[in-house]
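A.B. asks: In numbering that gives the first Met the number 0, the protein residues as written are 0 to 112.
A few of these clues could be false.
[Unchecked claim] Cut-off 25 angstroms, straight-line C-alpha distance, at most; resulting in silico cross-link-like pairs (DSS-like, lysine-lysine):
| hint | residue 1 | residue 2 |
| --- | --- | --- |
| 1 | K96 | K57 |
| 2 | K57 | K39 |
| 3 | K72 | K87 |
Honestly, the hints are just simulated from the structure, not real lab data.
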Amino acid sequence: MIKPIKNETDYEKALARIDALMDSEENLDELVILSILVEKYEEEHFPIDTPDPVEAIKFRMEQMGLSNKDIAKTLGGANRASEILNRKRSLTIRMIKNLHNDLDIPYEALISA
Numbered sequence: 000m001i002k003p004i005k006n007e008t009d010y011e012k013a014l015a016r017i018d019a020l021m022d023s024e025e026n027l028d029e030l031v032i033l034s035i036l037v038e039k040y041e042e043e044h045f046p047i048d049t050p051d052p053v054e055a056i057k058f059r060m061e062q063m064g065l066s067n068k069d070i071a072k073t074l075g076g077a078n079r080a081s082e083i084l085n086r087k088r089s090l091t092i093r094m095i096k097n098l099h100n101d102l103d104i105p106y107e108a109l110i111s112a
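Working from the sequences, and respecting the hints, build out all of it.
C.D. replies: Shown next, in the form of structure tokens:
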């Protein structure tokens, strides 16, 4: 029987049941419903903040094997790239659009709240 996830014990039971259902072709509806419940519980109890814009840029650079020189054009020159990555200058709208288009960094990660 499917029940709401109210605490850590319920959460662990739901994860164990999902694990068991993953190896079966039966009860697919139960798997979907439990997955939704677990996702909701995790959103409430284990929120993931969006990264700092500079950290998002550095992470993508690392993923793509890029250096500061490689992203200079995207940010408007070597000096600007250095200033951005050293937190001495804020991103402009144009830089945010370029980073999104050139490096596929989500807008949400580039706009600080």
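A.B. asks: Please go over all the hints and tell whether each is borne out by the structure.
C.D. replies: Here is how each hint holds up against the structure:
1. Distance check on the hinted pair: K96 and K57 sit about 16 angstroms apart at the alpha-carbon level, within 25 angstroms; holds.
2. For the hint pairing K57 with K39, the CA-to-CA distance comes to about 30 angstroms; that exceeds 25 angstroms, so the pair is violated.
3. Among the hinted pairs, K72 with K87 is consistent with the structure: their alpha-carbon atoms are about 18 angstroms apart, no more than 25 angstroms.
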